[in-house]
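Between the sequences and the hints, there should be enough to build the whole structure, so can you do that?
Chains as they are written, first to last, in the working numbering: chain U, 784 to 1103; chain X, 2 to 294.
Heads up, a few of these hints could be off.
Examples of chain X residues toward chain U, derived with CB under 8 Å [what the hints assert, rightly or not]:
| # | residue |
| --- | --- |
| 1 | TYR16 |
| 2 | PRO27 |
| 3 | SER47 |
| 4 | ALA130 |
| 5 | PHE137 |
| 6 | ILE170 |
| 7 | LEU196 |
| 8 | ASN224 |
| 9 | THR242 |
Partner residues are not named here, just some residues of chain X that face chain U (Cβ under 7 Å, in silico) [said to hold, decoys possible]:
| # | residue |
| --- | --- |
| 10 | LEU107 |
| 11 | LEU245 |
| 12 | ILE288 |
For the record, the hints were derived by calculation from the structure and aren't laboratory data.
Beta carbons are placed, not taken as given, at the ideal position from N, Cα and C, and that holds for glycine.
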Amino acid sequence: MVTTVQDSSAQVVRGPATTASPPPRRRRGPASRRNDTWVAWLLVAPALVGFGVFFAYPMLRGVYLSFTEFHILSPPVWTGLDNVTELVNDTRFWHSLGVTVYFVVLSVVLGIGVSLLTAVVLHRLGVNTTVRGLMILPFLISGVVTALVWTWMLDPQLGIVNQLITWITGEPIMFFSSDDWAVPTLAALNVWKTMGYNAVLIFAGLQTIPASIYEAGRIDGASEWQMFRSLTLPLLRPILVMVVILNVISSTQVFDIVQVSTKGGPADASLVLQMYIYDKAFGQFDFGYAATMSLALFLLLVTVTFTQMRMARAGESDTA
Amino acid sequence: MNLSMKLGRGVAWGYLVVVLLITIFPFYWMLRTALSNNFAMSTDPSSLLPVHFTWGPFKRALGLATPAEAAAEGGSGASIDLALALWNSVVYAGILTILTVGLSALAAYAFARLRWKGRDFVFGLLLTALMVPSVFTLLPNFVLMKDLGLLNTFGGMILPAALFSAFNIFFLRQFMLGLSHEVEEAAIIDGAGPLRVCFRIVLPMSIAPMATLTLLQFITTWNDYFWPLLVTNDESVRPLTLALAVFKQSSPQASLDWAGLMAATLVAALPMLLLFVVFGRRLVNSIGFTGIK
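If you want it as structure tokens, here you go:
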């Protein structure tokens, strides 16, 4: 506020202030002063060091370790493509990849479906911030807490959910300890934890759609469903694509809820990739091979993300 | 409003109530369990109210119960030093958040408001980190921490994420790009150097997005599990998430002290719930805003 006053006096002060710098031909924004360069490097330095030491270097090292035999205590030994061959023939790896894909598909399809529906309902009912706030409550707590409370609620004997199920069907469901239920249960936990956050994210996207579009639709006699299909969905596409990509990336790396609840069991039924990598590295100290699997997971993620973005872009035209 | 529309609204409200119930019920159930007598609970597992109301589980979780008291209410022998774990989480999440948001703000200022050679190249370089998921750098970073002798230290937990966060830099830069040049220009003409402009003008004007990032970063770090799991195995630095998991795993499977565990879980979640009460509105409004996080 005071500074605006100074602003008007700027014309007067300009003369003396610029004498130190080369010819007073500025007006190219405030950035054209001579001290900027070293100050800029100084300000960026911590980030650059962090980038180099804890991102770029580990990344290159990760690629290198992928082609070595490395057990932490002795230095890595270059083994060429041995790890890759092992990976290709490792049925447990392919199994865990399958489990991961199954988990991701269930989480994302179910999660986005419910989130979208919830967001639309929130939007159409004009619900206030408090309700949206309650929705994101699960987002605030850790995967560990999520896994613990649901393990308790889904407990075959004492869990409240199974009390209800036993009361209805006469038989409890072994949510975490049966082959068929383990992954869907974990996916449901993941959906529970992320749904509200995604819904609020999509809700924010809905708010950017002008109300006049819906009014026009209503005048044309469109039903709620028709408006959802031909107005909301296409206009929401960019946000939806982003939400899907983020969810695919995060659920592919799922770890905490699995490690706390099933530990990959029963009999590897819920052995997601990240769990297998962790087990290889810290259970069997086979760091080289664990690095190879991380690399594979990374390449997989890059491919999936890239494909999704391309598909999304290809579909963008129909909104225009 | 015609009948079908009323019906539609009814169904929509019904759906919303169910979703909210599923969202909130587990939190209530934690509380209900944490106030129950662990022995008595098995006789009446479906009671919606605490069974034989007692503060015992909280006492056990906080290490205030004598062994006799604990045994009488069905506590298992397993113990958890919740106060220590709570403190560790505060140190870990607190320091990391302050450092990463502060340092990101400085870098963002240099990228948004200063003109220097190589700026766009360096910015582009740093942004590449956004595309690489953390899973890929975690293992090599663990090896690095081991080489540096930083396992089981706060340094090892904090350092890798403290100096550099591509997302935070990107987000703050976007905000700072939109700030008006006028105030800044006036200060420069008054003879203020770039550092002075940064600390006295641009950073104070960026308080709102920095607060949002602080909140998000704190929540993420508080809830982080994988990285602390890799670099710590000592109680003295172990954060809450790990302590809880270890507590569960070290308890005898047959007679798990669910009441005590839920009490501990609630205590662990409490800081987040408090943040929610105080900043809930800001958080909700920031979600559409930040998008990527």
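Verification of the hints:
Using the Cβ-Cβ criterion of 8 Å, the hint placing TYR16(X) at the interface with chain U is satisfied: the shortest such distance is roughly 6 Å. For PRO27(X), the interface hint holds, the least distance from its beta-carbon to any beta-carbon of chain U being 5 Å, beneath 8 Å. The restraint placing SER47(X) at the interface with chain U holds, with a minimum CB-CB distance near 4 Å, inside the 8 Å limit. With a least beta-carbon distance of about 5 Å to chain U, the hint placing ALA130(X) at the interface is held under the 8 Å criterion.
For PHE137(X), the shortest C-beta to C-beta distance to chain U is roughly 4 Å, which falls under 8 Å, so the interface hint holds. With its C-beta approaching chain U no nearer than about 6 Å, ILE170(X) sits inside the 8 Å limit, and its interface hint holds. Look at LEU196(X): its Cβ gets to within about 6 Å of chain U, closer than 8 Å, so that hint holds up. Hint status for ASN224(X): holds, given a least beta-carbon distance of 4 Å to chain U, under 8 Å.
Satisfaction of the interface hint for THR242(X) is found here, the shortest Cβ-Cβ separation to chain U being roughly 5 Å, below the 8 Å cut-off. The interface hint given for LEU107(X) holds, since its Cβ lies 4 Å from the closest Cβ of chain U, which is under the 7 Å cut-off. Checking LEU245(X) against chain U: minimum C-beta separation of about 5 Å stays under 7 Å; hint holds. Residue-level restraint check for ILE288(X) holds (minimum Cβ-Cβ distance to chain U is 5 Å; threshold 7 Å).
Every hint from the earlier list agrees with this structure, and none is contradicted.
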